[in-house]
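Chains as they are written, first to last, in the working numbering: chain A, 606 to 714; chain B, 2 to 430.
If you're looking for bench data, these hints aren't it; they were derived computationally from the structure.
Treat the hints with caution; some may be incorrect.
Said to hold, decoys possible - Non-contacting residues of chain B with respect to chain A, defined by C-beta distances greater than 12 Å in every case (computed):
# : residue
1 : 333
2 : 360
3 : 363
Said to hold, decoys possible - Taking lysine-lysine pairs in the BS3-like style, the calculated list, with each CA pair at most 27 Å apart, reads:
#  : chain 1 : residue 1 : chain 2 : residue 2
4  : B       : 19        : B       : 53
5  : A       : 697       : B       : 224
6  : A       : 697       : B       : 283
7  : A       : 607       : B       : 375
8  : A       : 635       : B       : 68
9  : A       : 697       : B       : 272
10 : B       : 266       : A       : 697
11 : B       : 224       : B       : 266
12 : A       : 635       : A       : 697
13 : A       : 607       : B       : 72
14 : A       : 679       : A       : 643
15 : B       : 159       : B       : 121
16 : B       : 110       : B       : 53
17 : A       : 635       : A       : 681
18 : B       : 5         : B       : 16
19 : B       : 68        : A       : 607
20 : A       : 700       : B       : 266
21 : B       : 375       : A       : 697
22 : A       : 681       : A       : 644
23 : A       : 643       : A       : 681
24 : A       : 679       : A       : 607
25 : A       : 635       : B       : 72
26 : B       : 159       : B       : 68
27 : A       : 700       : B       : 283
28 : A       : 697       : B       : 392
Fair warning: this is a prediction, and the values are worked out from it, not measured in the lab.
In this text, a Cβ means the ideal position worked out from N, Cα and C, and glycines have one as well.
Spelled out, the chains give:
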Amino acid sequence: MKIDITEHNGAKVFSLSGDIDLYSSPVLRKELIFFIGKKVPLLLVDFRDVSYIDSSGIATLVEGLRGMMSHGGKLKLFGIPERIVEIFAFSKLDKVFDICGSLDDAVED
Amino acid sequence: MGEKPTVEISGEVLKGMKKKVEDLKTLMDLSYVISSTLDFSELISIVMEKAKAVMEAGACSILIYNKDTNKLEFEVALCEEGSTSALLKKQVTLEMGQGIAGWVARNLKPLVIPDVGSDKRFYGDADKLTGFTTKSIIAVPLIGRGGLIGVAEVINPKKDYDMEMFQLLCRQFAIAIENSLFHKESIERERMKQELDIASAIQKSFLPASPVFIKDNLMISAKNISAAKVGGDIYDFVELAEGGVGVLIGDVSGKGVSAAIYMAKVSSDFKYIARLTDSPSKALDRLNISLAGSPRGMFLTGIYMIVDTATGHFDVSVAGHPPFLWLSDGAVRVMSLPAGPPVGIVPSEYPVASFRLDRSDRLLLLTDGVFDVKSRDGQRLGFDAVVSFVKGHMHEEDLIERLVDFADDFSGGGDRADDLTIVELRWGA
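Sequences are here, hints too, so could you generate the full structure?
Below, the structure is given as structure tokens:
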């Protein structure tokens with residue numbers, strides 16, 4: 606997994622690529638915790654280049670979501686690719702996360 | 002008889018030869034002593050004593066390279082004042098490139114500094130802590146088969162020290178230290194393995210004692226294989242007061258010991274909650290409350306169904322879990338029902354659906370370890386492929402075993418990355 610962190614209209618954008626699993630999610634967790642500590646208001650996670658996410662990866666995002674909510678911030682996901690839509694559908698993650706189609710949708714909401 | 006030939010040797014040459022013999026003896030003594038122990042602390046003390054004696058130095062220290070932090074850490078420092086070692090070991094670490102030792106570690110070259118006062122690289126904090134005065138220093142990298150191990154420093158050596166001899170000693174030190182580090186790691190690995198074995202045994206005790214359960218017309222059988230000895234999959238059968246049987250399949254996020262401990266909590270909470278209600282929806286709701294705010298975002302996906310063993314009627318609720326398969330009348334139906342999110346994340350409701358089993362019907366409940374399995378070339382099996390396989394083998398008696406073999410064959414015999422659980426319910430077979 607690779608993480609590119611950029612800024613877009615005041616929001617932090619985490620662009621993830623590759624597999625987010627047991628082995629790679631600690632890196633994501635470290636970055637999330639860093640920005641939660643800075644109380645950023647909006648954190649967007651770009652899924653367009655994610656090839657796979659397992660339950661450890663989802664748990665890391667759940668932890669990130671809770672952390673953001675604790676200071677009134679928001680965490681949103683966008684660009685979920687077709688290849689991992691099934692994982693999101695089975696897990697009913699749309700009931701947990703704010704999932705948007707594109708970066709612009711995520712910023713506008 | 003002729004006179005024996007005489008060879009004249011100058012005092013200088015004789016002195017040199019004696020020195021070589023002494024050096025050789027020291028090296029032999031040293032290799033004997035350092036090969037006598039694999040205990041890291043003991044070895045380091047021996048090495049330091051020898052280095053200090055050979056170089057007739059005021060003090061000696063060894064810094065070990067920590068690969069995880071990319072820093073040098075004082076392992077031992079030896080001088081006339083006995084407390085020095087503990088002081089440095091607790092308080093001083095060096096970045097790569099910092100101080101004399103940091104420079105040696107980064108450049109993998111020895112360094113001789115006759116007067117530290119005139120060398121900007123000298124880092125004086127260790128002296129401030131110990132009260133020792135460093136005047137001159139020799140630092141040599143300790144390089145083993147796997148790269149940098151650390152740096153040996155000799156402080157204030159006598160004037161006519163033998164650098165070649167010291168480097169030879171350091172080569173021996175490096176090998177011995179590396180061997181003892183390997184030994185330390187292998188003991189640690191063995192300890193971890195034993196801990197995992199115990200954790201695995203404890204975890205298995207949370208699953209039903211027998212993977213087969215029969216009551217009236219209902220027969221349940223289960224297969225559970227853990228990825229990393231201890232895993233996060235769970236299944237359970239509970240006989241309820243009203244006469245029904247509760248059947249749970251679940252998958253805790255993550256793997257390994259943390260998932261196993263969480264699974265143990267899920268299991269004990271479930272066993273308690275299941276006996277309080279005959280509604281799978283209420284049971285998942287209560288489990289969701291009891292697991293709310295789980296550490297590290299951990300959660301459980303699951304299917305809970307309560308089957309009336311007299312009539313075949315069953316109620317089912319789903320929490321973010323893959324659909325179950327219903328094998329009936331020559332067809333396989335993918336039961337993708339309205340569901341709530343995984344348990345333990347957010348407050349939610351879990352819808353309930355009701356069905357009735359017919360004679361010879363089979364239900365297959367599975368975890369993602371069955372279809373998320375990865376082939377050697379990185380492809381994932383996928384849920385649809387599992388459904389197709391089940392369609393082609395739905396009349397086989399040993400369908401569970403065949404499905405496990407199918408997933409294993411797909412992975413090409415590689416290590417299992419995720420836990421795999423299949424629970425089969427048969428009606429009136």
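Inset, instruction - Hints the structure violates: just list their numbers, smallest first. - result: 26
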